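Number of protein chains: 4
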Amino acid sequence: MIIILSPDATQKNKKSIMDRLTHMGYEINLSEGKERTIMGAIGSNVENKSEVMAQLMSLTYVENVVPILRPYKRVSRELKEKTEIKVANGVVIGGKNIVMMAGPCAVEGEDALLEVAHKLKAIGVKILRAGAYKPRTSPYSFQGFGEKGLKMLSRARAETGMAIITEVIEATDAKKVAAHADILQIGARNMQNFNLLKACGKIGKPVLLKRGLSATIEEWLLAAEYIAKEGNPRVMLCERGIRTFETYTRNTLDLNAVAAAKTLSHLPVIVDPSHGTGRWELVTPMARAGVAAGADGLLVEAHPRPEEAISDARQTLNLNHLKQLKKDVKAIAAAMGRGLI
Amino acid sequence: MIIILSPDATQKNKKSIMDRLTHMGYEINLSEGKERTIMGAIGSNVENKSEVMAQLMSLTYVENVVPILRPYKRVSRELKEKTEIKVANGVVIGGKNIVMMAGPCAVEGEDALLEVAHKLKAIGVKILRAGAYKPRTSPYSFQGFGEKGLKMLSRARAETGMAIITEVIEATDAKKVAAHADILQIGARNMQNFNLLKACGKIGKPVLLKRGLSATIEEWLLAAEYIAKEGNPRVMLCERGIRTFETYTRNTLDLNAVAAAKTLSHLPVIVDPSHGTGRWELVTPMARAGVAAGADGLLVEAHPRPEEAISDARQTLNLNHLKQLKKDVKAIAAAMGRGLI
Amino acid sequence: MIIILSPDATQKNKKSIMDRLTHMGYEINLSEGKERTIMGAIGSNVENKSEVMAQLMSLTYVENVVPILRPYKRVSRELKEKTEIKVANGVVIGGKNIVMMAGPCAVEGEDALLEVAHKLKAIGVKILRAGAYKPRTSPYSFQGFGEKGLKMLSRARAETGMAIITEVIEATDAKKVAAHADILQIGARNMQNFNLLKACGKIGKPVLLKRGLSATIEEWLLAAEYIAKEGNPRVMLCERGIRTFETYTRNTLDLNAVAAAKTLSHLPVIVDPSHGTGRWELVTPMARAGVAAGADGLLVEAHPRPEEAISDARQTLNLNHLKQLKKDVKAIAAAMGRGLI
Amino acid sequence: MIIILSPDATQKNKKSIMDRLTHMGYEINLSEGKERTIMGAIGSNVENKSEVMAQLMSLTYVENVVPILRPYKRVSRELKEKTEIKVANGVVIGGKNIVMMAGPCAVEGEDALLEVAHKLKAIGVKILRAGAYKPRTSPYSFQGFGEKGLKMLSRARAETGMAIITEVIEATDAKKVAAHADILQIGARNMQNFNLLKACGKIGKPVLLKRGLSATIEEWLLAAEYIAKEGNPRVMLCERGIRTFETYTRNTLDLNAVAAAKTLSHLPVIVDPSHGTGRWELVTPMARAGVAAGADGLLVEAHPRPEEAISDARQTLNLNHLKQLKKDVKAIAAAMGRGLI
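Protein chains in written order, with the working numbering: chain F, 126 to 466; chain D, 126 to 466; chain Z, 126 to 466; chain X, 126 to 466.
Here chain F stands alone, though its shape is the one from the complex:
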């Protein structure tokens, strides 16, 4: 780290910091200028660096403390170039080809789920999304079928051979959800539910980690690091829109984060243009743009009759729109030298 001292820092102050850091194992290098003194402190094996930084910044004679290294390791692109994740039904995510996961926001009952699963399969979708547990802003909204919904998802898999991605919202439910799902989805609101991250890390099945509404790219990668640290490197990052001042779109899908994540991390990156825009008419253009920015896959809300969908109707594609999206994305993928699974 680099420590910038206040103009009024005394020699005693300087010595006190140097002693403290040397004692912790840091190697110190001092630059004394006319107006400010700067210390470089290098100590690659020191733990709790961010705490030490905050402590130094609490001193009145310290003006600023700047980190040198990025705080994540296992998910960093310095470690390796790329991770490919093979899902139960053989689909590979993060490889040459783009993957499309689609389905309704929520499991809406067994018949409805089987109907949508068969129809999506006919369109060529290999991974089915639908939530059994639904985190909802209002306590008066439908909260999902829970465990019964998980069983419906298992049946949809058995009947269609599609892989299942579904959300887990509670650390203690992780095993139960994993018994029915091929990919565990961690929602935006839970991106920093650290117990949940650890629980999903321990299970070892692929995890799709949505970026929080107001999470920086660094915080997102640190959340992925929580999962990887438990021994599970099979993590996908999912950009689904951040919260900004703009109200025309539900969220602001941040494709800069997609392009950035591909340079910072070896993990596959998925784009969710449905939550990212909140408007079905913007889903296809932003799906195209996501793939052009470098995404490895898409997570899209689709329903045979969006106007009857239990939730997220405004951002849900009907099946004709989904076919058009598929066609458009295939062309963009080809322009990127990639295929569409």
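Treat the hints as calculated values from the structure; they're not laboratory data.
These figures come from a predicted structure and were not determined experimentally.
Be aware that one or more of the hints could be misleading.
Pairs involving identical chains hold if they fit within one copy or between any two copies, as the list cannot separate such chains.
[Stated by the list, open to error] Here are the simulated DSS-like pairs of lysine-lysine, each with C-alpha atoms no more than 25 Å apart in a straight line: (1) Lys140 <-> Lys159; (2) Lys140 <-> Lys448; (3) Lys301 <-> Lys451; (4) Lys276 <-> Lys354; (5) Lys276 <-> Lys198; (6) Lys159 <-> Lys205; (7) Lys221 <-> Lys455; (8) Lys323 <-> Lys301; (9) Lys159 <-> Lys198; (10) Lys455 <-> Lys246; (11) Lys159 <-> Lys139; (12) Lys276 <-> Lys211; (13) Lys354 <-> Lys301; (14) Lys354 <-> Lys159; (15) Lys221 <-> Lys140; (16) Lys211 <-> Lys198; (17) Lys159 <-> Lys448; (18) Lys276 <-> Lys300; (19) Lys139 <-> Lys221; (20) Lys221 <-> Lys452; (21) Lys330 <-> Lys451; (22) Lys301 <-> Lys327; (23) Lys205 <-> Lys354; (24) Lys246 <-> Lys451.
Knowing the structure of chain F, use the given hints to seat chains D, Z and X on it.
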């Protein structure tokens, strides 16, 4: 709700919506203008209004749908004017007097905790804050003493008679934490951890609900509604800063939300100027401002030696600063016709 | 507009509003429900609607007022489907093919400008960008060559046949800049400099209007409406990144706004991935994504030696990178059924 | 500045940077660690530091560049502790006592202006605010009386002895406005209209500089530096709300910036709770909070009949509310050891 139709909506489209809403129990009122048709749909007993709104908005011939009523009820100021919450040691929150809760960010060991507890008690603090469970951005940071920390808090209470506020981060831990705490704190990252909200609602002890980093005021009140709906109306709202583009402060303490919450809800409102600013030198001015905006209390990080604090050192007051804060806040409270507990 | 009255509005209050609006030429339609009364007020010829709305909202017995129509007209897609803008050297913007404008941030002297112009021409760039007037955050930064810079741009045009786009920062300078430029650029900081908008509208040359750092899509379109209202419909909208909490990128390039503007307006939309990201390594992926989202062109900072650029060096492509960008964008354009000019 | 090199920077790369910086007059200090090399470059007399930083960051072998000194000088609190500004009618801003400026958003005609001026004078207001030039989001809204409005303001001053604050929106108008105004107001949209800043700096009359909707505190101070650099140190900083995701309030009044500006700068700080909240019912609590945070004055919209105000009606106080605000603020000021002018 109000439905604004597109210019190209046909008579058949209009009839289809009217039939659907009438069937659900809505009473419809139609205004046909030259450029647009507007429908007013009134149905005070209809459930799942937000779903119905989203479904209508998914129709191509609907331009916009606008709600009429606010979506929260139990925490609304239309219900009652004010809630006073009596804590175990007799302190009343939300009454005439301002309450000050203070302590270190984390429980740092038994001796350290007892030292700070006794020192804060001597300054006149009646409610001690300290975290046993610490949600941390990096998996490599100190994560708290957990259950051992809870026991240390119990001992601090037994020795000093202070009430204890501490964070619960997992629904399944709520009972365990409640066995040691007088006020359950729900952190900003967990404001929409709905299982946790429900679990805290069921226990019935006072709950302090921090506003999420990117939560709107309405979402904050809906989160409080989750707790109240379980039968626990003893909820305090805590403003702790929102995430904006400004980087000089760690967060942007939003006192507008404090003034607004006092007009929208009957719940007491607490201000946390430590997380709200992230800089100890701004804590006292913003504590004064919070009380002037109408807050009922303060939650402040204080430590005998901030430069040794395990976390949040940059925003932690030392004890002399805390005494000054107390004096300043007392004067502002008096100007508001209130006292300081 | 729709007016939602408070529960405590009296009959006298209602009559007072109805009289007022009727007097202004509105036609009123009343829906009286159990909990709220709603009024629909339709008056397509009434001026100053937003003022009337604000006045009504200042009444204690009015809870909310909601507009019905979008506030812009001339730039709206309800008027026409698409505008094509022909620039002096024959290039058409907003037509079938994608246009690429490139150049250094600032005019850096005559020799330097001619060097970059010839080199960009060789790569196939038809429109040269470079600023003679540079709005700079710090008064101690280089502020541009001003009028001398304009003359250098004219010479670059004469020598290469490229069209020139350059920024105008002051209404009183608009004519002078227009004498040397083929496209007038209005910068993000000036998006709501209404005198400047009007002055550029009066000149009649094509205008590129950058979106403000914190401007909503609606405000952006209203700024374009200012130009169109002066009789100049030859406006391009340019998305260049909004300000959000994310600090990894300089701004957050908002491609949702590109897709949305194409559905709301008939104007061509240009993407500036250089300012939008602030990092040269993200410029090419975001240029590709911009075209895939539906943009009609790109505005890119390029320099033979970015590390010597007077400003914006961090986000400037070198010429090899620009060639790669061109190749990539051409492939994406083809996938969209479009060419690259 | 501090330069952090990439792990793959070669000895040749290091030498190249060191030569370049040494040549510019920097003194270099090198720290070579196992994983990264850090350079401290100190050069207090070097101009265009931010350009040099950006150039270095464009090099692939540079990972980050961090500034050491704050980029503003004349407005910095390192220069002096406090600036008091004496206005024409003898009122001192930035001294012991709090100043209250009030009036309608816009000049609405001579009779209306004189009415409000006399009524505000009777309440004790010493500085009258009202806009002759009105920047408006929509081209279809009232744009102000312009020069005729300025003359009405002069008449209001002559009749009441109040000082006048009014907005200037164009550099070329600055002299004309200054002939009628005692304080020149620079609006939020114009905070980075650098020609306007310079023009107001040259005139020498007191300037009130509103913070831009998405301006950081540093950018705000740099804008003030533009004015000071022209030889005019009589600048007041005015916080009027920033743009965030919250929509309940029109803007988010950022009192953290008030407290911070008082520690970073010697300039007086004014709070505008009217634009800051957009809701008249929140104006008084936020005015109190602003003074408690350390503000030196208030800028408030007030009107005898807000429901007839030409603009900003929703956030305008009526005269009874203004009297209550005055009483409340006086009590808070007293608690701060200050009076109310």
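Hint-by-hint comparison with the structure:
Taking the shortest Cα distances, Lys140 and Lys159 sit within 25 Å of each other both inside one copy (18 Å) and across copies (24 Å). Taking CA atoms no more than 25 Å apart as the test, Lys140 paired with Lys448 passes in neither setting, with 68 Å inside one copy and 30 Å between copies. In the homo-oligomer, the alpha carbons of Lys301 and Lys451 never lie at most 25 Å apart, since the shortest distance is 33 Å inside one protomer and 50 Å across protomers. Taking the shortest alpha-carbon separations for Lys276 and Lys354, neither the intra-copy value of 30 Å nor the inter-copy value of 29 Å comes in at or below 25 Å.
With identical chains, the CA atoms of Lys276 and Lys198 are never at most 25 Å apart, being 37 Å at best within one copy and 35 Å at best between copies. In this assembly of identical chains, the alpha carbons of Lys159 and Lys205 lie at most 25 Å apart only when taken from different copies (20 Å versus 43 Å within one copy). For the identical chains of this complex, Lys221 and Lys455 are neighbours both inside a copy (13 Å) and across copies (21 Å), given an alpha-carbon limit of 25 Å. Proximity of Lys323 and Lys301 under a CA criterion of 25 Å is satisfied in both settings, with 15 Å inside one chain copy and 20 Å between copies.
For a Cα distance limit of 25 Å, the shortest separation of Lys159 from Lys198 across copies, 16 Å, qualifies, whereas the shortest one inside one copy, 37 Å, does not. For a Cα distance limit of 25 Å, the shortest separation of Lys455 from Lys246 inside one copy, 17 Å, qualifies, whereas the shortest one across copies, 33 Å, does not. Taking the shortest alpha-carbon separations for Lys159 and Lys139, both the intra-copy value of 15 Å and the inter-copy value of 24 Å come in at or below 25 Å. Taking the closest pair of Cα atoms, Lys276 and Lys211 come within 25 Å of each other only inside a single copy of the chain (23 Å); across copies the shortest separation is 45 Å, beyond that limit.
In this homomeric assembly, Lys354 and Lys301 come within 25 Å of each other (Cα to Cα) only inside a single copy, at 22 Å, whereas the closest approach across copies is 27 Å. Within a single copy, Lys354 and Lys159 get their C-alpha atoms only as close as 45 Å, which misses the 25 Å cut-off; across copies the closest is 24 Å, which meets it. Taking the shortest Cα distances, Lys221 and Lys140 never come within 25 Å of each other, neither inside one copy (55 Å) nor across copies (40 Å). For the identical chains of this complex, Lys211 and Lys198 are intra-copy neighbours only, at 23 Å inside a copy versus 47 Å across copies, given an alpha-carbon limit of 25 Å.
Taking the shortest alpha-carbon separations for Lys159 and Lys448, neither the intra-copy value of 67 Å nor the inter-copy value of 37 Å comes in at or below 25 Å. For a Cα distance limit of 25 Å, the shortest separation of Lys276 from Lys300 inside one copy, 14 Å, qualifies, whereas the shortest one across copies, 30 Å, does not. Taking the closest pair of Cα atoms, Lys139 and Lys221 never come within 25 Å of each other, the shortest separation being 54 Å inside a single copy and 38 Å across copies. Taking the shortest Cα distances, Lys221 and Lys452 sit within 25 Å of each other both inside one copy (18 Å) and across copies (20 Å).
In the homo-oligomer, the alpha carbons of Lys330 and Lys451 never lie at most 25 Å apart, since the shortest distance is 27 Å inside one protomer and 40 Å across protomers. Both within a single protomer and between protomers do Lys301 and Lys327 lie at most 25 Å apart by alpha-carbon distance, with minima of 13 Å and 24 Å respectively. Proximity of Lys205 and Lys354 under a CA criterion of 25 Å is satisfied intra-copy only: 16 Å inside one chain copy versus 49 Å between copies. Taking CA atoms no more than 25 Å apart as the test, Lys246 paired with Lys451 passes inside one copy only; the shortest distance there is 13 Å, against 37 Å between copies.
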